[in-house]
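Work out the full structure: start from the sequences and follow the hints.
Okay, here's what each chain looks like letter by letter:
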Amino acid sequence: MDISTFIQLLLSGLLLGGIYAMVAVGLALCFGVLGLLNLAHGAFLVLAGFVFQAVYSLWPTGALASFIMVPVFFAGLGWLAFRCLLQSSLKRSTQSFLVPALLITLGLAFILEELTSVLWDRSMAGIVSQFGTIRWGPIYLPGNRLVVLILMLAISLGLQQWLSRTDSGRRLRALSQEPTGAALVGVSLTQVTGIAFALATALAAVAGLFYVTLFTVSPHLGLPLTLKALFIVVISGSGSLTRPLAGGLALGTLETMLATPFGANWANVLSIGLLLACLCWRPQGLFVGKKNTC
Amino acid sequence: MLISEATGRQPKQFGLLLISLSVSAVLLLLVPNLWGDYARILLFTILLSVIMAVSYDVVGGLLGYLYLGHGLFFGLGAYITALALKHGQPLPVALLLAACSTLPVAATLSFPLFRLHGAVFALATLGLLLLGGQLASNLPDVTGGAAGLSLPPNPYPLLNYSLALLITLAAVSTHWLLCESTLGLQLSSIQESEDMAESIGINSGRAKRLALIISAVPAAMAGGLYAREISFVIPAEAFGLENSLAPLLMCLLFKPGTTWGPLLGALVLSTAQEFIWTTFPSFRLSLYGILFVFIGMQRAKRS
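Residue numbers (this note's numbering), protein chains in the order written: chain A, 845 to 1138; chain E, 1076 to 1378.
If you are wondering where the hints come from, they were derived from the structure by calculation, not from laboratory data. There could be a bad hint or two in this list.
Claimed, not checked - Stretches of chain A that chain E covers, calculated by requiring three or more beta carbons in the stretch to come under 8 Å of a beta carbon on chain E:
hint: 1; stretch: 941 to 948
hint: 2; stretch: 1070 to 1078
hint: 3; stretch: 1106 to 1120
A quick note: this is a predicted structure, and the numbers were derived from the prediction, not measured. All C-beta atoms in this analysis are idealised placements derived from N, C-alpha and C, irrespective of residue type, glycine included.
Here you go:
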């Protein structure tokens, strides 16, 4: 493998990794605050991809507007799903909430998946590149990918700023670090968790938009994608957003690199196997020192 | 004291159960002769559901884990049986082979899996199921890849049906015996509190490993029966999510951890499936989804 192929692979690996990272960060947001492992996350992503493609084909000039509208719409949808399905089951202890929440979100994932495949008739969606290709020496970078790369960076920076600067971001971090203490100083669990869930769903929608611009989405993509991202989140341990971000990037890069010698299918098998092995090796998270069962 | 009580009332009740099950099995054996092929296939499907639900209950009900990997052993059994049949083995031998080769797989997997608890255990078992499907479609030399394995048509449909009856009988009575046995009580006490169970001297690791093995073997045989009945095994069906999720729903629908709970759940759900899904074929998944949401909300209220 010469150097330019390597860089080319690294770039596409980082793009796939960027999608994993965005999915994982959304999931980590919910896991950190609520202790919720949301299996419906990928279904939201896929639905957003299809919605964006439909809007785009109807109204091609409004791509930018729909790029903002779709995540906002999905934030509302996520908030609604949280209020209707999950909030009533939310208890003081997150431990007893984990397993029922897994069942509820799995059900939600099925409903959304079927909705997508009925509405779009089991087809695939993808968007043809709008921008030209940028050439820099022997390296080619399609414009779509460059735009996505820049937007991904911008969104993760924005998220970081939101968490550290704004009031609602601080409430969220307080709740995930010390739930009892946060409740004592008046942070409302239901309000903050609702915001976290809505934000996570919006992030899933953004990841869906990126996915549909880079690759093609099919209705059955959701669950495997969610599962991989959830593994990353659990392995990273709760209470951090940078670790899932890095984990997602690493997994995407690794998968793309492995796909060259072994083929895409084996790369997938290897990545799931690796994640499972890490999970069983250190169930409390790779970077967590003391043992806490979860 | 609990154990002696349980073992004390064991023989009489077990006798009754065995007699009633055998009588119903003999009656069911007559069904294909009376009502023909449709009735046989319908009953066969219901019997498979019963095997899957009752064996699922050992880990999902008695032990109380949220377990999403039951379909892994179903798929494994389906492939092993299909391969054995392809090499000219008779059906009973093929099924036995499937059961015997699932045993070490379940035993090996139980070591890493039971390091995990709760939701992470559920995720890992779901991951294993996906991994099984991926492996089956990536090994075309052995499994025929995504195109699957096809078998010659079933020469003795009645043999398959009677074996299904026999295995159902065995699975249900094993479950009943297990509920009343020391191991069953150990599993229930681990469900209540693992630390407490360990502190009174229960080897929880051993109990959980045994539970997974006892649960996996009938599932593999159900998979084998399925492979023979359909004569066609593909990864998407053999390792499909439904094979894990349907038993879970059947088990949780009534009273998990009892023999009658999953039995009744399997009867009700698989009959309902037959009639609802022939009417609304495109809403299969949503129906599962709604049931999952419902059961999850119920569970959250209880805990």
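Practice item. Check each numbered hint from earlier against the structure, then list the numbers of those it violates in ascending order. Key: none
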